[in-house]
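Everything in the sequence shown is counted per the numbering used here, starting at 1 for the first residue and increasing by one.
No lab work stands behind these hints: they were computed from the structure.
Owing to the predicted nature of the structure, the values given are computational and were not obtained by experimental measurement.
Keep in mind that a hint or two might mislead.
[Stated by the list, open to error] Derived DEER-like restraints, expressed as beta-carbon distance ranges: (1) Arg33 <-> Tyr8: 29 to 39 angstroms; (2) Leu170 <-> Pro122: 18 to 28 angstroms; (3) Pro138 <-> Phe108: 22 to 32 angstroms.
A virtual CB, placed ideally from N, CA and C, is assigned to each residue, including glycine.
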Amino acid sequence: MTLEHAFYALLFFLPAGISNMTPVLASRLPGLRAWRTPIDLGRTFRGKRLLGPNKTWRGLVCGTIAGTLTGILIYGSLFTDENKLTLICVWAAMSFGALVGDAVESFFKRQRGIVSGQAWFPFDQTDYIIGGLLFILPFGILPLWLVVWIFVIYFGLHLVSSYVGYLLGLKDQPI
1 MTLEHAFYAL
11 LFFLPAGISN
21 MTPVLASRLP
31 GLRAWRTPID
41 LGRTFRGKRL
51 LGPNKTWRGL
61 VCGTIAGTLT
71 GILIYGSLFT
81 DENKLTLICV
91 WAAMSFGALV
101 GDAVESFFKR
111 QRGIVSGQAW
121 FPFDQTDYII
131 GGLLFILPFG
141 ILPLWLVVWI
151 FVIYFGLHLV
161 SSYVGYLLGL
171 KDQPI
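Go ahead and model the full structure; you've got the sequences and the hints to work with.
This is the structure:
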């Protein structure tokens with residue numbers, strides 16, 4: 001596995017990474033701040049919230065759009081008439097899957113009694129990676145080297161971006 005492989009993995013999975021970061025940023029935008037409808041609509045399971053108040057439709061929609069647009073911006077030159085729709089579907093699925101992975105992890109956090117915003121290492125760092133990779137499986141199987149690089153790079157980037165978000169006041173905890 002070479003440095004070129006690492007760079008390819010970084011670019012390949014960037015739509016999911018952007019998608020995962022977008023909900024936090026979207027919650028700060030004045031025009032979107034009021035749209036706080038939780039995905040679980042306040043429903044509970046075994047007396048606990050399904051996902052919690054921080055998993056919103058705003059985050060799901062904005063994150064999926066941002067991730068898809070990231071894919072288009074990075075790989076738009078690869079478009080041909082035959083593959084345009086397929087590539088857009090891959091980026092949308094990867095972006096949506098990253099957010100679904102995060103939501104699934106939130107369900108398990110709520111069931112374990114871990115409050116929204118509290119860290120759950122290493123699941124907070126891997127949920128979106130697993131979700132994004134699972135949702136692109138219908139389009140093909142990725143080579144093992146690519147999956148390994150994606151996990152290594154995006155696990156590390158999540159730690160760094162979480163700490164930067166903490167320093168900027170966007171997150172309550174550093175990890």
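Okay, the hints, checked on the actual structure:
1. At roughly 37 angstroms, the beta carbons of Arg33 and Tyr8 sit within the given window of 29 to 39 angstroms.
2. A hinted range of 18 to 28 angstroms holds for the C-beta pair Leu170 and Pro122, which are about 21 angstroms apart.
3. Between Pro138 and Phe108 the beta carbons are some 24 angstroms apart, a value that agrees with the proposed interval 22 to 32 angstroms.
Violation of the numbered hints given earlier is absent; every hint is satisfied by the structure.
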